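Visitor: In our numbering, the protein residues as written are 116 to 573.
Think of the hints as simulated: they come from the structure by calculation, not from any bench. Be aware that a few hints might be false.
[Said to hold, decoys possible] Cross-link-like lysine-lysine pairs, in silico, DSS-like; alpha carbons within 27 Å at most:
no.	residue 1	residue 2
1	K563	K453
2	K353	K340
3	K339	K247
4	K247	K353
5	K339	K453
6	K353	K339
These numbers come from a predicted model, not from an experiment.
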Amino acid sequence: MRIRIRSVGTVMSPQRSIAAAFASAILIGTLLLSLPWAHTDGRWHLDADIVFLSTSAVCVTGLDPVGIGTELSFFGICVLLMLVQLGGIGIMTVGTFFFVFMGRRLSVSEERAVIASLGENSVGNVVPMLKKTLVFTFSWELIGALFIAYILAEMHGYEPDHALGHGLFISIMSFCNAGFGLFPDSLCRYSENPVLMLLVSLFVIAGGTGFVVHSNVLSLRPWKKSLSERGRLTLHSKIVLASSAALIAVCTMLYLLIEWNGAFSHLSWRDKLVGAFFHSVTSRTAGFAGVSTESLSPASQILTMAEMFIGAAPGSTGGGIKLTTAAVIVATVCSMLKNRSETEMFGRTVQERTVREAVAITVLSLSIVAAAVFVLSVTEPVDKTGAGILRLSFEAVSAYATCGLSAGSTSSLTVPGKLVVSLLMFIGRLGPMTLAMTMARAGASTPKRYPEENVLVG
116 MRIRIRSVGT VMSPQRSIAA AFASAILIGT LLLSLPWAHT DGRWHLDADI
166 VFLSTSAVCV TGLDPVGIGT ELSFFGICVL LMLVQLGGIG IMTVGTFFFV
216 FMGRRLSVSE ERAVIASLGE NSVGNVVPML KKTLVFTFSW ELIGALFIAY
266 ILAEMHGYEP DHALGHGLFI SIMSFCNAGF GLFPDSLCRY SENPVLMLLV
316 SLFVIAGGTG FVVHSNVLSL RPWKKSLSER GRLTLHSKIV LASSAALIAV
366 CTMLYLLIEW NGAFSHLSWR DKLVGAFFHS VTSRTAGFAG VSTESLSPAS
416 QILTMAEMFI GAAPGSTGGG IKLTTAAVIV ATVCSMLKNR SETEMFGRTV
466 QERTVREAVA ITVLSLSIVA AAVFVLSVTE PVDKTGAGIL RLSFEAVSAY
516 ATCGLSAGST SSLTVPGKLV VSLLMFIGRL GPMTLAMTMA RAGASTPKRY
566 PEENVLVG
């Protein structure tokens, strides 16, 4: 499949188009954030921190090396929000919408590229899908901004204009699963406000579920008598909803057991429940902190890394290897234990190609993170006893999964370390398969069929 850029007359694959779009957005964001008007001190800032910050915003990660609440001006915050919004909705989605709005018709291959960027496989009318995506996103964010602003004004004494601005900031960061905070402690100061914590969790889940699943759920008509008119949940939607609920429930219980007398010890039993639920939700890819990540025990940090690595749903604002990938891997193992030759889920057989892609994504992701941790252990100061490796591993997984939680290493990274983490965020936002297809040579040779031979494994 190829996309022909008509103005230039060259041919570019969809994967390379997406990679080029993200790279261009990062470059433009870096230039804008380096301007004197973007900083409170009124000076130029074109350095590794700004490259890191722009990458973190476009890749909806949320790792903050400078402290945006004090470092960036109002203009700088607006630029950051714009970059997060572009990265969250999808640069291809926004760009295509403006092309369509200006009257430009899309080719079939271009429609396929945009639909693929939204996590869809089938080709349909892309214009209604784009409109629904944008309306859906902005509606969630506007509703969230109003509710959060009301809570901040009524419960925390914010002035109306301050409450609305801060509410809009938190709402966009929540739905886009970015996790930037205007305060150094993220959302820790609101840890005893269960209404706000649960509301933010709701918007994080909504953004991390994926537009395809939302569209499928909203298309259901359970009151209709005819089965064809009722519609049904697709296998993809079932996997996303079930695995998301299971992951949040299990991790909430584990955080409660581990941190009841630890990081949550200063909270009431009600706030402990809400805090464990909030951390379970935000650890998937949102990056907000209800309690200091550094105060978590090593066991909780490892559990958090596992959650971050799994991530959210395909076609969503979240990252990670994706819920469906992890679910397919688990289902394949279960099928093997049952001595079944095919992977089965919810009464359906998963295609062999999907299983192979899930294995490839997982192995590639583990390899990339492991390589990054190795490089960071060279570029960053680490004790000979190995102290600090967990901290660097946490940072690497958070960057690759575009989560944004930090165990305290972001601001102390060296310049080479920041560049490594920036590259991790970029790769994580694209996805390992997209990266591999981007780097692959254009003309693939005709596949050959070789004789089979047995290999001993295990």
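Visitor: Look at each hint and say if it fits the structure.
Guide: Now the hints, each set against the structure:
no. : hint        : verdict
1   : K563 / K453 : violated (32 Å)
2   : K353 / K340 : holds (22 Å)
3   : K339 / K247 : holds (23 Å)
4   : K247 / K353 : holds (21 Å)
5   : K339 / K453 : violated (38 Å)
6   : K353 / K339 : holds (21 Å)
The earlier numbered hints that this structure contradicts are 1 and 5.
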